[in-house]
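Respectively, the protein sequence lines represent chains U and W.
Residues 1 to 110 (the numbering used here) are what the first sequence spells out, left to right.
Residues 1001 to 1139 (the numbering used here) are what the second sequence spells out, left to right.
It should be emphasised that the hints constitute simulated quantities derived from the structure, not laboratory data.
Misleading hints may appear alongside valid ones.
Using 30 Å as the maximum straight-line C-alpha spacing, the simulated DSSO-like pairs for lysine-lysine come out as follows [unchecked claim]:
1) U:Lys29 to U:Lys83
2) W:Lys1100 to U:Lys70
3) U:Lys82 to W:Lys1006
4) U:Lys98 to U:Lys82
5) U:Lys95 to W:Lys1039
6) U:Lys4 to U:Lys92
Computed, partial: chain W to chain U, Cβ under 8 Å [to be verified]:
7) Glu1019
8) Lys1039
9) Arg1104
10) Gly1114
11) Val1116
Bear in mind that the values here come from a model prediction, so they are computed numbers and not experimental data.
Think of the CB as a built atom: it goes at the ideal place given N, C-alpha and C, for glycine as much as any other residue.
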Amino acid sequence: MDIKFEKINDIRLIVLEGELNMESAHKFKETFKPILKERNAKVLIDFAKVPFIDSSGIAALIEVCQNLGKVNGRMCLCHVNKKIVNVFEITKVHKLFKMFESHQEALRSF
Amino acid sequence: MLIEEKLPSDPDRAPVFIEAWLRRLRPLGLNDDQVFGLKLCLQEALINAIKHGNKCNKHLAVWVKIAADPRCLAVEITDQGQGFDPGAVPDPTAPENIGKNHGRGIYLIRQTMGAVDFSNGGRTIKMVMPLTGDRSGGH
């Protein structure tokens, strides 16, 4: 998985490319270590180029979301494809993540 | 079509095997949703067998059998671990479990496949995906 970073004002945009699965979950979580040292971090994760997720990927997302919450940070997702949304809904973890269809919508939510 | 494979208990190698099996299954003409679901279930079941079954012990093997005909695709995965009671696995969608960062693999398999059975003390999982219906959809 490739992970790119951008900053839009005070919001960190994290663009993922590749599968979020057992292989990439560790790298994904490591990415957030420096961000978790901040307080009130605002993070938008772009899923446009994520074609697949498994239970390890879901677990990594939950861990990051919870850890951000501990430092008063916030996280939301955008451009999540329908198959992945379906996996979130099956497992009911969609209740844990704010999801938006565009950057603009997501940015407005912070 | 029949695929039979004996795998080492190395989780890092699992995705390579899964991609190779999906390539071999392409002639079945599965649609995107079926490929996604099959890949998800193969990944979850294989990782369960390697990590939770065989505890990543490289001296232990995992056997995979995939049998497909025009009506259905059956996958059987067997490990050499201690086994487990599939009925005792907590429901990951229960309110107290939704935020946990584990325990969704078997649930995802049960929700995705047409039929799922455990045997051999939980060491063997058999999952069946019906292949009838529209295979052109799901794009």
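Inset, instruction - Starting from U:Lys98, check that the Cα of U:Lys82 is at most 30 Å away, please. - result: Roughly 15 Å separates the two Cα atoms, so the pair holds.
Inset, instruction - Would you check whether W:Val1116 satisfies its interface hint, that is, whether its CB is within less than 8 Å of any CB in chain U? - result: 14 Å, violated
Inset, instruction - Take a quick look at whether U:Lys4 and U:Lys92 sit within 30 Å of each other, Cα to Cα. - result: Satisfied, since the Cα-Cα distance of roughly 28 Å is no more than 30 Å.
Inset, instruction - Grab the minimum C-beta distance from W:Gly1114 to chain U and call the hint holds if it beats 8 Å, violated otherwise. - result: At 15 Å from the nearest chain U Cβ, W:Gly1114 fails the 8 Å test, so the hint is violated.
Inset, instruction - Measure nothing beyond the straight line between the CA atoms of W:Lys1100 and U:Lys70; if it is 30 Å or shorter, mark the hint as holding. - result: 15 Å, holds
Legend entry - Agreement of hint W:Lys1039 with chain U interface, Cβ distance less than 8 Å: 7 Å, holds
Inset, instruction - Sort out whether U:Lys83 lies within 30 Å of U:Lys29, counting only the CA atoms. - result: With a Cα-Cα distance of about 22 Å, the restraint between U:Lys29 and U:Lys83 holds, given a limit of 30 Å.
Legend entry - Satisfaction of hint between W:Lys1006 and U:Lys82, Cα-Cα up to 30 Å: Violated, at about 34 Å.
Legend entry - Pair hint U:Lys95 and W:Lys1039, alpha-carbon separation not exceeding 30 Å: 24 Å, holds
Legend entry - Hinted contact W:Glu1019 with chain U - closest CB pair below 8 Å: Result: violated, 11 Å to nearest chain U Cβ.
Inset, instruction - Report holds or violated for the interface hint on W:Arg1104, using the least CB-CB distance to chain U and a cut-off of 8 Å. - result: Because about 4 Å separates W:Arg1104 from the closest Cβ in chain U, which is inside the 8 Å limit, the hint holds.
Of the numbered hints listed earlier, those contradicted by the structure are 3, 7, 10 and 11.
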